[in-house]
Every structure is written in C-alpha cells, then in structure tokens.
Amino acid sequence: MTDSLAIRKFSDLANPTRFLAIAERVLPWLAGLCCLLFALGLTLAFTTEGDYQQGDTVRIMYVHVPAAWLSMMCYSVMALSALGTLVWRHPLADVSHKAAAPLGAAFTLVALVTGSLWGKPMWGTWWVWDARLTSVFILFLMYLGLIALNRAMDDPSRAARVSAVLILVGFVNIPIIKFSVDWWNTLHQPASVIRMGGPTIDPEFLRPLVVMALAFTLLFFTLHIMAIRNEIWRRRVATQRRMAARLAGRGD
Amino acid sequence: MTHAFYVLASYAVAALVIFGLVIWTFADGRARRRELAELEAAGLRRRSAAAPSGKSTS
Amino acid sequence: MRLIAENLSAHRGEDLIFSNISFNLTAGEALLLTGRNGSGKSTLLKVVAGLIRPASGAISWQGGRGETGVPVREVCHYLGHRNAMKPELSVAENLAFWRAFLGDRPGGAGLSVGEAAAAVELEAILHLPFGYLSAGQQRRMAFAKLLVAHRPVWLLDEPTAALDSAAEGLFASLIRDHLGRGGLVLAATHQPLDLVAAHRLQMQGFQYAQMEGEIA
Amino acid sequence: MTALLLRDLKLSIRAGGGALIGILFFMTVVAVIPFGVGPDLNLLSRIGPAIVWIGALLAALLGLDRMFQADRDDGSLDLLLMQEHPLVLTVLVKCLAHWLANVLPLVLASPLLGLFMNMSEVAIGAVMLTLLVGSPALTFIGAVGAAVSVTLPRGGLLVSILVLPLCIPVLIFGVSATYAAVEDPAPFLPPFLILTAITMFFAVLGPAGAALALRNAGD
Chain A
1 MTDSLAIRKF
11 SDLANPTRFL
21 AIAERVLPWL
31 AGLCCLLFAL
41 GLTLAFTTEG
51 DYQQGDTVRI
61 MYVHVPAAWL
71 SMMCYSVMAL
81 SALGTLVWRH
91 PLADVSHKAA
101 APLGAAFTLV
111 ALVTGSLWGK
121 PMWGTWWVWD
131 ARLTSVFILF
141 LMYLGLIALN
151 RAMDDPSRAA
161 RVSAVLILVG
171 FVNIPIIKFS
181 VDWWNTLHQP
191 ASVIRMGGPT
201 IDPEFLRPLV
211 VMALAFTLLF
221 FTLHIMAIRN
231 EIWRRRVATQ
241 RRMAARLAGR
251 GD
Chain S
1001 MTHAFYVLAS
1011 YAVAALVIFG
1021 LVIWTFADGR
1031 ARRRELAELE
1041 AAGLRRRSAA
1051 APSGKSTS
Chain H
2001 MRLIAENLSA
2011 HRGEDLIFSN
2021 ISFNLTAGEA
2031 LLLTGRNGSG
2041 KSTLLKVVAG
2051 LIRPASGAIS
2061 WQGGRGETGV
2071 PVREVCHYLG
2081 HRNAMKPELS
2091 VAENLAFWRA
2101 FLGDRPGGAG
2111 LSVGEAAAAV
2121 ELEAILHLPF
2131 GYLSAGQQRR
2141 MAFAKLLVAH
2151 RPVWLLDEPT
2161 AALDSAAEGL
2171 FASLIRDHLG
2181 RGGLVLAATH
2191 QPLDLVAAHR
2201 LQMQGFQYAQ
2211 MEGEIA
Chain L
3001 MTALLLRDLK
3011 LSIRAGGGAL
3021 IGILFFMTVV
3031 AVIPFGVGPD
3041 LNLLSRIGPA
3051 IVWIGALLAA
3061 LLGLDRMFQA
3071 DRDDGSLDLL
3081 LMQEHPLVLT
3091 VLVKCLAHWL
3101 ANVLPLVLAS
3111 PLLGLFMNMS
3121 EVAIGAVMLT
3131 LLVGSPALTF
3141 IGAVGAAVSV
3151 TLPRGGLLVS
3161 ILVLPLCIPV
3171 LIFGVSATYA
3181 AVEDPAPFLP
3191 PFLILTAITM
3201 FFAVLGPAGA
3211 ALALRNAGD
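Chains as they are written, first to last, in this note's numbering: chain A, 1 to 252; chain S, 1001 to 1058; chain H, 2001 to 2216; chain L, 3001 to 3219.
Honestly, I wouldn't trust all of these hints.
[To be verified] Beta-carbon label-pair distances, calculated as ranges:
#: 1; chain 1: A; residue 1: Asp182; chain 2: H; residue 2: Ala2135; range: 50 to 58 Å
#: 2; chain 1: A; residue 1: Arg25; chain 2: L; residue 2: Thr3028; range: 53 to 61 Å
#: 3; chain 1: H; residue 1: Asp2177; chain 2: A; residue 2: Arg18; range: 50 to 58 Å
#: 4; chain 1: S; residue 1: Arg1033; chain 2: H; residue 2: Gly2103; range: 55 to 63 Å
#: 5; chain 1: L; residue 1: Pro3185; chain 2: A; residue 2: Arg151; range: 30 to 38 Å
#: 6; chain 1: S; residue 1: Arg1034; chain 2: H; residue 2: Arg2082; range: 28 to 36 Å
#: 7; chain 1: S; residue 1: Arg1034; chain 2: A; residue 2: Cys35; range: 19 to 27 Å
#: 8; chain 1: A; residue 1: Arg151; chain 2: S; residue 2: Phe1026; range: 17 to 25 Å
#: 9; chain 1: A; residue 1: Cys35; chain 2: S; residue 2: Ala1027; range: 35 to 43 Å
#: 10; chain 1: A; residue 1: Thr47; chain 2: L; residue 2: Asn3042; range: 18 to 26 Å
#: 11; chain 1: A; residue 1: Leu36; chain 2: S; residue 2: Phe1026; range: 17 to 25 Å
These aren't lab readings, by the way, just hints derived from the structure by calculation.
Each residue gets a CB set at the ideal place from its N, CA and C atoms; glycine is no exception.
All chains should be built: construct the whole structure from the sequences, respecting the hints.
Right, here's the structure in full:
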C-alpha cells in the first residue's frame, strides 16, 4: 500500500520536476531580457515628447496600459490553467493558477492606482464609476477573492479544483459584468461618460508603449515561473514534513 | 499640483508594487529552499536509519 | 499539600450527573476514576478544574507552606479530550506559548520546550506544524504541555486515548515521576494505568444506572 | 500575556486568517453601493462617510464569532479560563489581538474606499481618524457577543445580530463626527470626544462582560 502510494506520488512529481529543471535554465534569460526591455522602455518613456493636450501625464500611460493589459492576460492564463486542472487534471495547472492570482491582483492594483493618478489631473477626480474602471475594480475583487479562497483551504488539490471552478465561472461572467456595467452607467450618466484612451495613438507614443507592454509581459512570465517554482517547493516541504512526522512515529 | 507630480507618483507606485512583488517572490523562494534544505539535512539521517524508500529532490 | 473534595455533586442541564463524592489526596497520591461512559468522570474533572460549578459541595487546596485560599483551578494542569494546541502553529510554537502563558507555580519549574518534547520522545518533530502530526503524536505533545510549566495537580481526562501501548507506558512513567516529586494526579481512564498505590474511585453514574435498569 | 497576543496575531496571519476576508468584505460592500444608488459623484461624496462607516462596522463584525470559538474548539479556552491571570485581562489582550489583525487593516483600507466614494481629502482623513478611535469599541462590544455565543454551534450570525444594536452609538457618533469635520457649522470635537469616551467605556465594560459570560458558559 505504501508502495503504490509512493509510485503515484512519484509520477505526480515527474512533471513538476521537469518543470523545475526547465525553469532553472530559462529564468536567468527571461529575467535579463526583462530588465533590458524595462531599461529601454523607461528611457523611451521619458525621452519622448509629451502630448500637446495632456502634457506630461501621457507618460502615465506607459505603465497604466501595460498593467491593465496584464491584469486581463493574467486572468486568461488562470482560466486556461483552470481548464487544465478540471479537464486534464494536470498537476502543474493547479499550481499555475494559484501562483498567478497574487500577480494578477498586484498588476490590477497598479492599473487601478495609476489610472486614478491619471484621472485626477485629467478629470479632476480620483475615481469615476466609469464602465471600464468599474470592471477593472471588479476584476481586482475577484483576484482577492481567489487568493482568500486558496488561503482558506488546507488541502491544495481540493483548493485548486474549487478555485478552478470559480475562475471559470468568473471568466464566463466577465462579458456579462462588462455588459451590465456598461448598461448601468449609460443609463445613469448618459452625457458625461468619460472615455479613456483619449486621442488616437501616434507612433511617437506607440513605440515606448509597445516596449513597456513587452517588458511587463516578460516580467509577468518571469514572476509566474518563479511563483510556480515556489509553490512546488512549498508542496514538497509539506509532503516531506508529513513524511517526517510518519517516520518519527515509526522510529520510536 | 503639477502634472509631473502625478507622473512621478504613478511611476513610484508602480515601481513600489512591482518591486514588492519581486522581492516577495524571491524571499518566498529562498525560504522554501531553506526549508527543503533543513528537511533534507534532518531527513537524510533519519531515512538512512529507518527507511530506504526516499525520493531524490535535487 | 492536600486536595480535598467534600460532597461534590454536579448537574448537566437538568440531569444529576453524580452526587456526594468526597476524596482527600495528599502529595504523591493518585486517584483513578473508573466507571462506564457517562458516569461523570469527565464532569468531575471539570468540576475540580473549576470549569463547571458544582451543584453542591466544595473543593479546596492546601499548599505546601500553609498556602490556602488559592483557587484549585490555578494549581491544576487540565488535559481534556481536546489537546489545546493550534494545528496551524508548529509544535515548538505551541509549547513555547503555553510555557510562557502558564508560568510556574511556586515549588517547581517547568522543563524547556526541547526537554519536554524529549520527555515524550518526539524531539525530532518539534518544527512541524501541529496539524501534521498523527493523533497519537498530538496526544503526546499535548502531554508535553504538562511538563513545560509546573503545577502540583494534574487532571487527566483519558490521557491515553489514541495511544499505543509503548506510549501508554511512557505516560505512566511520566505520571509516576510527577507523583515521585510530590505531585497529585487525578485521572479518568479506562486503561489500567500502571500505577502503584493509586486510589480508585468507581463512578456509579447516578441516574443513568437507574434509567438503564428501567429500560432493560 | 505578550505570548497570547503574539500567538493570536500569528494565528490570524497564518493560513485561513480572517484579516484578508474582512478587508475584501469591506471593499465589496462599499463597492456595491454605487451600483445601487447610481454613479452620481455628488451623491456618492455626500453619503460616502456613512457608507464607509457602515461597511467597516459590518466587516468588523465578520470575524468576531471565531474570537473565542476557535479556542473553545481545540480546548485552549479551558486552559485560558483556569489561569491565575485575571480573565478580564486575558479577554482584553485577545480583543487587542483581534483588533490589530482584523480591524486595523480596515481602518488602513478606508482611505482607498473614500476615494471610490469621491470624498474630499478632509472627509477621508476624518473617516480614518474616527474609525481608528471608534473601531476598538466595536471589538470590545463584539467580544461580549462572541463570549455569549461561544458554546453555540452556529454562533456566527447570532453574534452579528446580538452585537449590531449595541454598536449603534458608535456609528452615530463616528458618522456625525465625520460630517462635522466636513460641514463647517457643526463642531468636530464634541462628537469625536464622545466617541473616544464610548471606546474607553467599552474597553472596560466589554472585557468584563465577556469574562463573566465565559465563566458562565462552562458546559
């Protein structure tokens, strides 16, 4: 009985072990490239001309838009992982969406705060219940809820399955939320809906934006791989501790 | 307040959050690695004495 | 040192659980409470621990150097069915907390956390979260809690539940050590703890016995 | 006693701790309000202080039921009751730990929600200050409710029901102090000082009542 258990554990670990080996090799390159892109992106961001309408504040766009883009991409990654958990029962998928949730929350937070700091000089207020802002805020709450759910459960594989269900339900729900918020806002505030994005983007702004978006995306993947690795280690520590407890009982 | 203030503030906040995230991830990884090393150190002794059924975690 | 109980009786809800129980224990003596389930062993221990108010009667404590008027609950260790340890914290954190919080009564000193764990032969897993331990290991660690702070009286409710015979022997010897140092032990147990010179109190189970008789 | 404080803080930070859930509940409750009343910024900024206060009140009640029940479930409560330390002091320390771990984060999160409610900087500062001063009273009152319902299997909801009416004075003076800070004619200090007095009063009464209830809850 202990034998078959050991064998199952072993095959479960096979994939993560391979993942750890690959991560070990890929991570330095990813991190290095990410730093380079950030250096390039930041130089571009501060050397390009300001917008004639928005002045310097347009530079906020170079962090705000990539962060907002990542907040959505991260959720898509999590939804994919959730599918992996529920359909293919891939052990790495469990770990992947659990590790991504704090990252998504952090990037969403950056998007919210920078958006707010952009909104104050442009609109004269920190926050409006504009459809897009509201949706991002709801996304933020969903990330936090997922983190709380993961923390509240002891058994990692059960937590992974339950939160996978929640992620997928959330994913399906996103268009509905978006639609209803749109409808709600235009219903109440037909005239003064403030559109973000402003003027059509000219190549002068596009270049730093693209570089920064790339840099952020790479940063996300670097951190995601690191977080997955941490989570794998955390689970190994847990299994080994349980084993140590069993062995201590047998030893005496 | 000038526009530069908002620009700097938003970059500062973004940098703060991202650095926080990076440092947290690093610290978490180091702590886990240390725990594994500790278990390994405690486990090797015990495993050689008690049970040969060990799995390699390197 | 002397623990005196006079004419104790206790209710649970409307039911009278036991009545007119008296005993008198001096230093180095143990009292084993035996009797079937529901006969009131646990309730008696809780009454002595001050967790349930007796319906009548009184318990009192006379300390070593004329120490009187101290509530009995303050000189007791109580090991109930539940282990009073947090599964989220490591064993060492749990024991260190109780060591700091309980503190020693005059007349003795508690062991350090490491020594206490060594006394129950589990010093190797001090760093593990308490929740990771098996039921028997948890019980042994809960017993180690009695060693980290000195109390003259030990109230043990089924101390050997979930234990194998080796650990049972370990507990018996720890209890004997405590008695040898002049401690008092009050234990409710099914297993015959291997104690010499222990008094026995057969709990009758006041109303239950009658009711069972009627049903049968 | 410091050991108890540290243990409770550690427990609330470790897995399953309620602090995150409290903040999340707070944010969700406050964020839902605009969907109900509409995104009119003027209206929101007018009702903002009250909404933030009510949200904080509800979120502060959320984790209360576990304050003693967690200790009761694993038997720790029996040992806490038996010790030489005055039980009132033990309860006070547990309240302090609960406040630090579960309620203080709410106070720190309140400025963020103030921004969502389009409140002015003065109003945000006032809400934070009044919450900082008034929220300990919520914990102390809650401790009584938690102690009373400690033996109940599903005490969670009951604690909120028992405690909410008792919290009304705190809410009244907290919100009125905040509005007094924003709207000029009303003086800020009188309601604020009354709020402080309420907190100090319940700092004494709450632990005493909770200790009494715990002594009598023995089963």
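Here is how each hint holds up against the structure:
A hinted range of 50 to 58 Å for the beta carbons of Asp182 of chain A and Ala2135 of chain H is consistent with their spacing of about 56 Å. The beta-carbon spacing between Arg25 of chain A and Thr3028 of chain L, approximately 42 Å, falls outside the hinted interval of 53 to 61 Å. The supplied range of 50 to 58 Å is met by Asp2177 of chain H and Arg18 of chain A, whose beta-carbon atoms lie about 54 Å from each other. One distance hint, 55 to 63 Å for the beta-carbon pair Arg1033 of chain S and Gly2103 of chain H, is violated here, with the actual separation near 38 Å.
A hinted range of 30 to 38 Å is violated for the C-beta pair Pro3185 of chain L and Arg151 of chain A, which are about 47 Å apart. In this structure the hint that Arg1034 of chain S and Arg2082 of chain H lie 28 to 36 Å apart at CB holds, the actual value being about 33 Å. Judged by the Cβ atoms, the range 19 to 27 Å given for Arg1034 of chain S and Cys35 of chain A holds: they are separated by roughly 26 Å. For Arg151 of chain A and Phe1026 of chain S, the Cβ-Cβ distance of about 21 Å falls inside the hinted range of 17 to 25 Å, so the restraint holds.
Between Cys35 of chain A and Ala1027 of chain S the CB atoms are about 19 Å apart, so this pair departs from the stated range of 35 to 43 Å. Take Thr47 of chain A and Asn3042 of chain L: their Cβ atoms lie about 41 Å apart, and the range 18 to 26 Å is violated. A hinted range of 17 to 25 Å for the beta carbons of Leu36 of chain A and Phe1026 of chain S is consistent with their spacing of about 19 Å.
Comparing the model with each earlier hint shows violations of hints 2, 4, 5, 9, 10; every other hint is respected.
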